[in-house]
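S.K.: Below, each chain spelled out in residue letters.
Number of protein chains: 2
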Amino acid sequence: MIPVDPDRFLADLHHLRSFGASGVGKGVVRQAYSDADIAAREWLAAQYAEAGLQATIDPLGTVWGLAPGKSLLVGSHSDTQPEGGWLDGALGVICGLELARAGVQAGLPISAVSFQDEEGRFGVMTGSRVWSGRTTLADADALRDSGGVTFAEGRARMAHMVTGEVDPSRFSGFVECHIEQGPWLDEAQEAVGVVTDIVGIRDLTITFSGEQNHAGTTPMHRRKDALKGMLRFQSLIEERFRNVVTPQTVWTTGHVDLHPGSHSIVPGRCSFSMQWRDGDAARLDRMETIVRASAADVAEETGLTLEMSQMLGLEPVPMDPALQAALAMAAEGQLPGRWRKMQSGALHDAASLSRLMPVAMLFVPSINGISHAFAEDTEEADLVAGLKVLADAVEAIATA
Amino acid sequence: MIPVDPDRFLADLHHLRSFGASGVGKGVVRQAYSDADIAAREWLAAQYAEAGLQATIDPLGTVWGLAPGKSLLVGSHSDTQPEGGWLDGALGVICGLELARAGVQAGLPISAVSFQDEEGRFGVMTGSRVWSGRTTLADADALRDSGGVTFAEGRARMAHMVTGEVDPSRFSGFVECHIEQGPWLDEAQEAVGVVTDIVGIRDLTITFSGEQNHAGTTPMHRRKDALKGMLRFQSLIEERFRNVVTPQTVWTTGHVDLHPGSHSIVPGRCSFSMQWRDGDAARLDRMETIVRASAADVAEETGLTLEMSQMLGLEPVPMDPALQAALAMAAEGQLPGRWRKMQSGALHDAASLSRLMPVAMLFVPSINGISHAFAEDTEEADLVAGLKVLADAVEAIATA
Numbered sequence: 001m002i003p004v005d006p007d008r009f010l011a012d013l014h015h016l017r018s019f020g021a022s023g024v025g026k027g028v029v030r031q032a033y034s035d036a037d038i039a040a041r042e043w044l045a046a047q048y049a050e051a052g053l054q055a056t057i058d059p060l061g062t063v064w065g066l067a068p069g070k071s072l073l074v075g076s077h078s079d080t081q082p083e084g085g086w087l088d089g090a091l092g093v094i095c096g097l098e099l100a101r102a103g104v105q106a107g108l109p110i111s112a113v114s115f116q117d118e119e120g121r122f123g124v125m126t127g128s129r130v131w132s133g134r135t136t137l138a139d140a141d142a143l144r145d146s147g148g149v150t151f152a153e154g155r156a157r158m159a160h161m162v163t164g165e166v167d168p169s170r171f172s173g174f175v176e177c178h179i180e181q182g183p184w185l186d187e188a189q190e191a192v193g194v195v196t197d198i199v200g201i202r203d204l205t206i207t208f209s210g211e212q213n214h215a216g217t218t219p220m221h222r223r224k225d226a227l228k229g230m231l232r233f234q235s236l237i238e239e240r241f242r243n244v245v246t247p248q249t250v251w252t253t254g255h256v257d258l259h260p261g262s263h264s265i266v267p268g269r270c271s272f273s274m275q276w277r278d279g280d281a282a283r284l285d286r287m288e289t290i291v292r293a294s295a296a297d298v299a300e301e302t303g304l305t306l307e308m309s310q311m312l313g314l315e316p317v318p319m320d321p322a323l324q325a326a327l328a329m330a331a332e333g334q335l336p337g338r339w340r341k342m343q344s345g346a347l348h349d350a351a352s353l354s355r356l357m358p359v360a361m362l363f364v365p366s367i368n369g370i371s372h373a374f375a376e377d378t379e380e381a382d383l384v385a386g387l388k389v390l391a392d393a394v395e396a397i398a399t400a
Numbered sequence: 001m002i003p004v005d006p007d008r009f010l011a012d013l014h015h016l017r018s019f020g021a022s023g024v025g026k027g028v029v030r031q032a033y034s035d036a037d038i039a040a041r042e043w044l045a046a047q048y049a050e051a052g053l054q055a056t057i058d059p060l061g062t063v064w065g066l067a068p069g070k071s072l073l074v075g076s077h078s079d080t081q082p083e084g085g086w087l088d089g090a091l092g093v094i095c096g097l098e099l100a101r102a103g104v105q106a107g108l109p110i111s112a113v114s115f116q117d118e119e120g121r122f123g124v125m126t127g128s129r130v131w132s133g134r135t136t137l138a139d140a141d142a143l144r145d146s147g148g149v150t151f152a153e154g155r156a157r158m159a160h161m162v163t164g165e166v167d168p169s170r171f172s173g174f175v176e177c178h179i180e181q182g183p184w185l186d187e188a189q190e191a192v193g194v195v196t197d198i199v200g201i202r203d204l205t206i207t208f209s210g211e212q213n214h215a216g217t218t219p220m221h222r223r224k225d226a227l228k229g230m231l232r233f234q235s236l237i238e239e240r241f242r243n244v245v246t247p248q249t250v251w252t253t254g255h256v257d258l259h260p261g262s263h264s265i266v267p268g269r270c271s272f273s274m275q276w277r278d279g280d281a282a283r284l285d286r287m288e289t290i291v292r293a294s295a296a297d298v299a300e301e302t303g304l305t306l307e308m309s310q311m312l313g314l315e316p317v318p319m320d321p322a323l324q325a326a327l328a329m330a331a332e333g334q335l336p337g338r339w340r341k342m343q344s345g346a347l348h349d350a351a352s353l354s355r356l357m358p359v360a361m362l363f364v365p366s367i368n369g370i371s372h373a374f375a376e377d378t379e380e381a382d383l384v385a386g387l388k389v390l391a392d393a394v395e396a397i398a399t400a
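The listed protein sequences derive, respectively, from chains A and B. Note that the first sequence covers residues 1 to 400 in the UniProt record's numbering. Note that the second sequence covers residues 1 to 400 in the UniProt record's numbering.
Since the hints were derived computationally from the structure, they do not count as laboratory data. Treat each hint with caution, since some may be false.
Stated by the list, open to error - Once the Cα atoms are required to be at most 30 Å apart in a straight line, the calculated BS3-like pairs of lysine-lysine come out as:
(1) A/224 <-> B/70
(2) A/388 <-> A/70
(3) B/341 <-> A/224
(4) A/341 <-> B/224
(5) A/26 <-> A/388
(6) A/26 <-> B/26
(7) B/26 <-> B/341
(8) B/388 <-> B/26
(9) A/26 <-> A/224
(10) A/388 <-> A/341
(11) B/388 <-> B/341
(12) B/388 <-> B/70
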């Protein structure tokens with residue numbers, strides 16, 4: 001194993017949470033480009049430099065610790081949700097720091113990174129998406145946070161720290177460590193998960209329109225109640241999804257807007273979100289066919305009119321087989337029988353980078369599956385176990 | 001028939017719509033205590049006085065045209081919805097004016113009235129509810145409109161016009177004419193409807209709470225999705241209401257609030273309104289039992305927690321049999337076979353007054369069932385037919 005230092009690793013992880021510590025448990029408030037985020041990135045750059053890496057801050061505010069020549073990149077993001085946990089992306093960032101440091105000592109080329117705005121104060125994985133060419137910088141600059149601040153204004157706050165661009169071709173692959181953000185490893189008392197793929201997402205808004213009318217004087221059989229369209233749609237897809245989905249598939253209606261929204265008025269319009277996720281693009285397609293057919297069937301049955309928004313979607317991202325194999329071998333070596341292969345239901349910077357290089361992810365348990373909350377936590381023994389699996393895997397990859 | 005003048009009646013009805021004319025079709029914007037409303041009430045008081053009635057404006061802004069001694073009261077309200085039709089309450093007010101005028105000529109004691117704030121800028125039927133003792137003036141004064149203006153501030157705008165209180169004991173009964181606000185008479189090509197009763201209302205807000213969670217990483221069988229509670233509730237009541245309701249019963253969910261309302265978050269809380277209306281208090285009770293049991297069953301089935309708001313309700317109001325009989329006899333006399341008995345699914349001032357005196361209502365057709373909208377309209381021949389039925393009925397009642 002390359003010479004990682006678990007105590008130093010844990011100390012750094014706790015030090016990072018001092019930037020924006022919420023004062024509630026181990027919680028952290030460190031949104032992209034906040035004072036706490038900028039201070040954390042300044043500290044991180046100093047750690048990279050001290051480790052003998054070339055500390056670089058790119059125009060997006062992503063912080064790099066670069067090993068010379070072609071290297072393996074390890075990292076994640078250090079910005080948080082408005083009410084964030086102390087691990088989330090920070091865990092992957094400090095794993096990257098510790099592994100790159102060990103790489104310097106062992107003479108293995110390992111670089112480290114903390115991408116900017118993964119949590120989407122402005123967009124979704126803005127830093128890694130722009131860097132990997134999935135979004136242009138001009139498009140990103142126009143994004144606004146919920147308070148109206150633009151991404152351009154945000155990154156201008158770090159402009160004095162920028163040292164240059166980083167060329168993707170210098171990296172041979174990317175490995176990201178993260179908490180699982182679900183209950184699987186924690187419930188099974190397992191120590192790590194080797195990610196097989198990041199699920200794809202399809203997301204759209206469905207709108208049924210009928211006739212807004214008086215809730216007292218409009219008889220039931222004369223109503224064109226838009227809510228009924230939503231109710232019927234939900235029951236249809238529940239039935240039709242049954243033979244298509246797996247236990248890993250999820251689908252959610254998280255937003256409903258009923259117009260005009262009065263107790264005494266039969267609703268004339270119902271808009272609602274429909275989002276589904278799965279690791280298999282063909283299954284996402286089959287579900288899309290069901291969603292579209294069910295909405296059309298409801299409109300025909302009920303006489304409501306139907307509108308569908310443009311489909312937003314991200315295709316599933318399979319992890320690189322060779323990197324996955326290295327992680328699996330390291331996990332079985334360190335933790336025989338205490339690891340599993342698993343899917344990521346959430347997006348991560350690795351998904352952005354998958355276009356440019358082989359990528360892989362390692363998960364550690366999340367106590368009670370809590371994430372994006374101050375109560376998020378993981379046993380320190382599990383954090384260290386994850387670090388050691390990574391160390392073995394990264395060594396195997398870098399010496400291959 | 002007492003000597004009503006259809007041309008004068010139609011001219012007055014058109015003149016009244018000049019106060020607050022919207023400029024869109026025959027539509028009117030004349031909310032309680034607006035400049036247009038106050039000007040219309042000033043004009044109406046002058047018409048009452050000119051007809052030889054004692055014009056009185058009470059502290060609420062309700063305008064009265066009083067016949068001497070014990071009299072039959074005829075009228076409605078002249079305030080409108082924010083986007084109102086030209087008939088609605090105005091029709092009943094001008095019917096009252098014309099009948100009271102004819103009463104003076106015929107020597108029959110008929111008084112007229114235009115109640116204030118029936119449309120609920122501040123409350124619901126505020127003028128008639130306070131006058132009939134269902135709400136105290138102090139409670140009404142504290143009501144606020146959507147812009148924060150109090151009822152007290154509203155009625156202060158008419159304070160200089162107030163002439164005194166009106167004692168309910170001077171009236172032997174109340175007859176109100178109104179458009180049907182539904183499609184029944186218009187579809188059947190019938191001319192008038194004699195109202196049998198005003199339906200009762202029960203209204204409450206049901207809240208299911210579960211667990212807000214990540215829509216990507218929370219597997220379906222681990223979710224406590226609050227929306228699922230609402231969906232299950234709706235399907236349960238649909239099934240359980242089947243053997244309880246009649247074709248006249250209505251029930252509505254017009255408001256849904258899903259928290260936090262994001263595409264990517266399993267909703268942790270779903271609040272929704274549930275309102276039902278029927279003319280039979282026992283049926284309202286049976287439906288309430290089903291609503292409460294279904295919500296509790298859903299909570300038990302799904303593990304969601306359940307909260308229910310306080311029940312808001314108004315009991316059904318039967319129309320007085322003798323007044324109904326007089327209207328029915330007059331309808332059959334004027335329009336043989338072209339009238340029906342029917343329920344009112346909407347509330348009217350007659351419901352407020354039912355505690356104090358016998359009340360009855362006559363409906364005229366509403367073209368395409370449109371009401372509370374600029375497009376609301378009724379054929380003038382139907383308006384005149386309604387006036388003549390009222391004239392015969394009022395004569396019969398006043399001479400009984």
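S.K.: Hinted pair, alpha-carbon criterion (30 Å max): residue 26 of chain B, residue 341 of chain B. Please report holds or violated.
M.R.: Holds - the C-alpha atoms of residue 341 of chain B and residue 26 of chain B are around 29 Å apart, at most 30 Å.
S.K.: Holds or violated: residue 388 of chain B and residue 26 of chain B, Cα atoms, limit 30 Å.
M.R.: holds (23 Å)
S.K.: Hint check: residue 388 of chain A vs residue 341 of chain A, CA-CA at most 30 Å. Holds or violated?
M.R.: holds (17 Å)
S.K.: Given the hinted pair residue 388 of chain B and residue 341 of chain B, is their alpha-carbon gap at most 30 Å?
M.R.: holds (17 Å)
S.K.: Do the alpha carbons of residue 388 of chain B and residue 70 of chain B lie within 30 Å of each other, as the hint requires?
M.R.: With Cα atoms ~23 Å apart, residue 388 of chain B and residue 70 of chain B stay inside 30 Å; holds.
S.K.: Within 30 Å, alpha carbon to alpha carbon, are residue 388 of chain A and residue 70 of chain A?
M.R.: holds (23 Å)
S.K.: Check whether the Cα positions of residue 341 of chain A and residue 224 of chain B lie no farther apart than 30 Å.
M.R.: holds (26 Å)
S.K.: Residue 341 of chain B and residue 224 of chain A were given as a pair; does the straight-line alpha-carbon distance stay at or below 30 Å?
M.R.: holds (26 Å)
S.K.: When you check the alpha-carbon spacing of residue 224 of chain A and residue 70 of chain B, does it fall within 30 Å?
M.R.: violated (48 Å)
S.K.: Holds or violated: residue 26 of chain A with residue 224 of chain A, Cα cutoff 30 Å?
M.R.: With a Cα-Cα distance of about 51 Å, the restraint between residue 26 of chain A and residue 224 of chain A is violated, given a limit of 30 Å.
S.K.: Under the criterion that the straight-line Cα-Cα distance not exceed 30 Å, is the pair residue 26 of chain A, residue 26 of chain B satisfied?
M.R.: violated (65 Å)
S.K.: With the threshold set at 30 Å, check whether the alpha-carbon distance from residue 26 of chain A to residue 388 of chain A stays at or below it.
M.R.: With a Cα-Cα distance of about 23 Å, the restraint between residue 26 of chain A and residue 388 of chain A holds, given a limit of 30 Å.
The earlier numbered hints that this structure contradicts are 1, 6 and 9.
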